[in-house]
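In case you want the letters, here they are:
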Amino acid sequence: MPTGPEGSAGLLIIGSSQAGVQLAVSLRALGYEPPITLLGDENHRPYQRPALSKEFLQGAITKESLIYRTQEYWDEHRIRVVRNERIIRIDKRDDGSGVAHSMSGAEIAFDRLALTVGARARRLLVEGVDLPGVLYLRNADDALELKARVPMIKDVVVIGGGFIGIEAAASLNKMGRTVTLLEAGPRLVGRAVGAETSSYLLDHHRQHGIDVVLDADVRRIVGSGDRVAGVELADGRVVPAELVLIGVGVIPNTELAESIGLECDNGIRVDAHALASDGVTVAVGDVANLPNPVPGAPEGDRIRFESVNNAVEQAKVAAYAIVGRPEEYAGVPWFWSNQADLKLQIAGLSAGHDLTVVRQDEAKGKYSVLYYRGDAIIAADCVNAPLDFMAVKAAIASGAAIPPGEAADPAVQLKSISRNPS
Amino acid sequence: MPTITYTDATGSARVVEANVGDSVMETAVRNGVPGIVAECGGSLSCATCHVFVDEADFAALPPMEEMEDEMLWGAAVERQDTSRLCCQIKVTDGMDLHVTTPETQV
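Note that the protein sequences, when read in sequence, are chains A and B.
Under UniProt numbering, think of the first position of the first sequence as 1, with each following residue one higher.
Under UniProt numbering, think of the first position of the second sequence as 1, with each following residue one higher.
Treat the hints as calculated values from the structure; they're not laboratory data.
We treat Cβ as the ideally placed atom computed from N, Cα and C, and that holds for glycine.
Treat the hints loosely; a few may be bogus.
If you want a taste of the chain B side facing chain A, the calculated C-beta under 10 Å gives, among others [to be verified]:
(1) Asn19
(2) Asp22
(3) Pro34
So here's chain B without its partners, still in its complex pose (with noise of 0.2 Å):
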């Protein structure tokens, strides 16, 4: 089963089984990760399920569309190269992803 490991701005990691074609934000929201708010449950428009991807895994996703790179610019902590919105990130198989949440989404 593809693996998401969620970590925490303390460093904290969860392991979550996926299933494939969930988003990383539904796969974080209905198992309770803490650090994934995902107001608007994965419409791209609240920018509140960024996430740090993991270098090595950053450049094997799909490239991200011009809306979500506009919303990242307003998340609440400042983007870096490798930010996403993982409600835009599909599980697929054999993945196995690993994402840092930030201090907040809000």
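Just chain A, same shape as in the assembly (with noise of 0.2 Å):
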């Protein structure tokens, strides 16, 4: 553990998850020399997520298939990994450099900051959520224990139908248990997804076993001697449950960013080039509030992203202005989710559509939803169906146009009938 201003770590990227090992990978693929120090709060080596709700979750891949890079990598590229250290306070100069302050009482020495801390899971403010059997899944340490415990219950309630709570409803439904996915709002995947698509997964998952109640007003979580036994409704229904997952969003970890002054808001903004109001500090990935980096996006538009691809595509562009080669980061967002044996895939950002066509193709169980704003498409979202997926994702970047008659045949290639721009 470093811990004075004579052993200075250089760029200290506080949080060790996708957005900050890509930024120190990038790094160093930019030939960049200084030393870096990539600290994360947990107490393990640096791990991809998106699988803690699905493949992992099942049993299907081990921990170990998580980890990014080998020991060896880190130590080759002179990329210092610290683990289990939460920092609690900064002391920021002008200049960007500083002291970062670990719960631990290490005081860690910096160059210049990358703030990749992410976003926590919301919780849920009701009765008996602090009983034993209640659990939230966001990190590794949540999936251990939501695995351990998976073998020893049969009746799960999931609260949240965003795409956390279906993935996990959807691995523990697959895994024998009777689940009961319960959403406050009118349809699933509300934020993310098209009316068509959500009624299309409702109506998926509910035929293959979930439960799923819209409109769902959680009352309290009921317990039976010093444990979960049910979640009760509005209606005074409960629905029993030996293991209750909350899926109710996230919040951007801002409050060290705001502790040193930099401008937050809905996480921490920054510019096309992932520096911090300060200038000189970058921040990436979930916790970060940029400009919409869609090409053709309103002036001014700003976005937070939760996905894989803005921490990986944002961390690129801040390891390019933090080596003094500016560039601004453009590109189609898009994004994925796995719920049992259906492969959603987005592409796009489908706000401000004045126009859907829907593409299914029942026997081959394909189902896209195209979302078009004028004549442009902006986006789509494909159920098992990776090859409109991929033609709409191509599209959107160069420009091209798919006329949405010809698009509505499902028998009809979407890459046969998309048109470069003249």
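Each chain sits in its own coordinate frame; assemble them with the hints.
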């Protein structure tokens, strides 16, 4: 553990998940020579999170396969990986250097700071959430605890019909548990997909045995003895549960940034180069509020992504800024969500669409929704339809047109009707 | 130990010892082999671990499933007859696999 002003951490990256790892790796790939310290507050080597609610929970892959890089890689690239240290205070000078103080009392001098501190699970504020058997799923420890409990339980309630909730519900259902999914809103994944896709997912998961309750008003979590026994809804119904998993969104971890005077508003505000308001600290990943990177996005539009793709692409841009070859972040955001046997891939951002085109091939189990604004295709939700996903992603990136009339026929390959801008 | 030889688009090769059961993608990423992006971590969602398998090795691999086949049509560099997504290739005992990475994955 670096402990003094005498041994500077160099670039101190706080947060060793996707964004932090990518930033360190990209910097070395760009020939950045100064010391890099990659610091995380978990007692694990840097690992990938997306599989925690899917393949890892289902036992299809081990924890070891989530590890990003071998120790040899870190050593060879002179990236010092520090784990199990939580930074609680930062003294920062105007030039961007300073000292970070950890909960264990370590003082880490740095020349420059990168905040890749992510987001934490939003807590549900109802009676009973502290009962044993009520869990969240954000990190590896959460997943390990959940996984350890699954063999001992039958009835599960998942609160929250966003990606984490649905993915976990689908995994647990596949593992033979009786799963009830409670969503407070009128449809599933309301924030990330359109109404048609929500409806498709709802039908699919119900047909596969998940009891999905929409507009669910959770009153309290009910205990029996010292453990969870069920979830009580406003109508008085109690859904039995030996395990309750809560996935009701996340809150960006902006506290450290705020404490050193960086502008924050639903995340740390950064420019197109990932630079925060002091012009020198970078912020990347789930914690960053950045200019919308989609080509042609409205001037001044800002966005905060919770996605691997953004963490990777924004980290590369931040790395360029740090080595003094600034590049603006531009790209087509994309997302994926594996829900048991459904592979959902989303290209682009559908906000502001004025037309949707549904392509469905029931026999092949393929389903896509294409989103248009005027004549322009701006996004697609694709279920088990990677060709559609790839074609739309490519079209948005190049500004190509996909005529909506022709696209409605699922037998037509989108790539074949994609027209490059003249 | 099984070995995977990754040759990049310029012809420069790197030999990596691999663990049985890992994928060829995981082996590359964990060892920092450039040219394999693998954004989705191997869940067959991104087509950024595209490789061209050495012709002599290709036939010995288990055939690809339909989803991998479809994803390959969307890879950044046009697929060839020996293209695979290496997240779907598991390292087996005694494997000595040779793959070439395309110029770009994105």
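Evaluated hints:
Below 10 Å, beta-carbon pairs count as interface contacts, and B/Asn19 has one with chain A at about 9 Å; its hint therefore holds. Evaluation of the B/Asp22 hint against chain A yields a held restraint, the C-beta minimum of about 7 Å falling below 10 Å. With 10 Å as the threshold, the beta carbon of B/Pro34 comes within range of chain A, its nearest partner Cβ sitting at about 7 Å, so the hint holds.
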